[in-house]
Amino acid sequence: MLMMNTKNQQQLILELLKEQVPTFKGDETYVNLLKESLELEIARDVSIWWRSLQIERYCIITSNYLKLTTQFDSVIKAFYRTKNVSPYIERAGQCFLDFVQQNDDKLLVTIAHFEDKLKRVKKGDNGNYSIHWNYEPLSMLDSLIHGKPLQLESIKGSYLTIINANFENQFEVFNVFSEEESV
Amino acid sequence: MDIAKKNTAPSICFTYDNYDPILLETILPYVDFIETTPDSISMIQADDTVILQPKIIAQLKEVASSKKIVAHGVGMSIGTFDGFSKDYIKLLDSLVEQVDIYWHSEHLGYTMINGEFINVMLPINRNKENLQLICERIDYLQDRYKVPFLIENIAHLLPDYDSQYSDAAFLNEITKQTGCGLILDMYNIYCDAYNYKFNIASFLEELHLDAVKEIHLANGSIYKDRMMDIHSNAVDENVLKLTKEVLPKAKNVEIVTFELLSEAVPVMGYQAIQDELIRIKNSINAYDEYEKSTTAYS
Chain A
1 MLMMNTKNQQ QLILELLKEQ VPTFKGDETY VNLLKESLEL EIARDVSIWW
51 RSLQIERYCI ITSNYLKLTT QFDSVIKAFY RTKNVSPYIE RAGQCFLDFV
101 QQNDDKLLVT IAHFEDKLKR VKKGDNGNYS IHWNYEPLSM LDSLIHGKPL
151 QLESIKGSYL TIINANFENQ FEVFNVFSEE ESV
Chain B
1 MDIAKKNTAP SICFTYDNYD PILLETILPY VDFIETTPDS ISMIQADDTV
51 ILQPKIIAQL KEVASSKKIV AHGVGMSIGT FDGFSKDYIK LLDSLVEQVD
101 IYWHSEHLGY TMINGEFINV MLPINRNKEN LQLICERIDY LQDRYKVPFL
151 IENIAHLLPD YDSQYSDAAF LNEITKQTGC GLILDMYNIY CDAYNYKFNI
201 ASFLEELHLD AVKEIHLANG SIYKDRMMDI HSNAVDENVL KLTKEVLPKA
251 KNVEIVTFEL LSEAVPVMGY QAIQDELIRI KNSINAYDEY EKSTTAYS
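If you're matching them up, the sequences are chains A and B in order. When the letters of the first sequence are read in order and numbered with our numbering, they come out as residues 1 to 183. When the letters of the second sequence are read in order and numbered with our numbering, they come out as residues 1 to 298.
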């Protein structure tokens, strides 16, 4: 039986916390004990709970969309498994917004993109950002900020949000063309 | 720092990690110390550099005229195999430059592996390899900062591996080799007793209690049949009782800290926090009266 030194053991724990296949091949008794333990499960839960708390605080709109569509837990877990995330909320939150913009859910990508650019502009970015929406953004944002159910069918359309520091609320909404025109 | 043997009750301390003027106003009449965590009071600036929040630093500077400040780390990750967090050291440097710190401390564990923050505090193996690693790092910290350093026992979240020392013997070796002090977290040993039938009496019997300079009190909750060190509400009555039993034997304890997460402040409420500080203070003072009465008869 090959004993682990501190380096091997801590690397094993990192892999197991992230639900990866252990690369260390020694001391299988301990590896299996740890792998199957309630304690590891709890450590992973604690880690994900803290991560969730940070993300909820930093990306309110995106988090609320994920919750309303019951994706929050699974997306946070996938984020935790695959990314090396900073302990600082600003960096962790930004990393999360970048992460979800790679998602297959197009509405999630739009919302995260919007929140990302809005945050940048609020921090002093002088850019002018244009984001296309397939739903009316103000109704959507009202639902997301106040936790109201999403009524997607009734707000379908084609809109642009322009994000710019010079606007009163840092963004404005433009109706590109009506739903009838788009059919 | 030469800490003389005391016959007075320890001072009360409370956690302050979030800008909350009402909380600060609420607690100040009931405490002599404020505990702050450098990593918790930090922020990222627009240029992506990490600094301590100026408005919290301003509060601490103001408070420092009448109260003592202690720094208590979470993110140093003193037990990581490939070195502790340099970001944390920068924050501690900045705190020490700006505010008079009575002492600073860290948990005997790690929160980083391979440069990755794991968002959970895990215990190190109690073996010779880690004893040397921890002692070297404490020597470095004591050399870098001219204020005392304390190390804190943490709850055992994962199964032990390669344990060559008991919990108490490991702490004893660290304090013996480095001369650092200890924070004895009563709630952490209470969690271990609940979760793993950890023998508190044997631990306290073996631990060199003279090294204990600070005691931490907290409470948490049960999750998946395990008692969790969450710092989420008023101190468990059993933990307070245990503390009263320990204090007469731990003569160098200067501070008893009630630890509460900033996230738990709105849940518990300002009035309940104030009541809790009074409850702890009364409990500690009861110990003081007990000490005086026994001294009179000895």
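Watch out, some of these pointers could steer you wrong.
Said to hold, decoys possible - Think about it this way: if two alpha-carbon atoms lie no more than 25 Å apart in a straight line, the pair counts; the simulated BS3-like pairs of lysine-lysine are: (1) B:224 - A:25; (2) A:35 - B:224; (3) A:123 - B:55; (4) A:18 - A:7.
Said to hold, decoys possible - One-sided and incomplete, this derived list gives chain B residues near chain A with beta-carbon spacing under 7 Å: (5) 118; (6) 130; (7) 157.
Don't read these hints as lab results, they were simulated from the structure. For each residue, glycine too, the CB sits at the ideal point set by N, CA and C.
Each hint tested on the structure:
For a cut-off of 25 Å, the pair hint linking residue 224 of chain B to residue 25 of chain A is broken: about 30 Å separates their Cα positions. Pair hint residue 35 of chain A plus residue 224 of chain B holds up; C-alpha atoms about 17 Å apart against a cutoff of 25 Å. Distance restraint check for residue 123 of chain A and residue 55 of chain B: the Cα-Cα separation of roughly 18 Å lies within the 25 Å cut-off, and the hinted pair is therefore satisfied. The hinted pair formed by residue 18 of chain A and residue 7 of chain A meets the criterion: a straight-line CA distance of about 17 Å does not exceed 25 Å.
Residue-level restraint check for residue 118 of chain B holds (minimum Cβ-Cβ distance to chain A is 6 Å; threshold 7 Å). For residue 130 of chain B, the interface hint holds, since its Cβ comes within 7 Å of a Cβ in chain A; the closest pair sits about 6 Å apart. For residue 157 of chain B, the shortest C-beta to C-beta distance to chain A is roughly 5 Å, which falls under 7 Å, so the interface hint holds.
Hint check: a violation occurs at hint 1 only; the rest are consistent with the structure.
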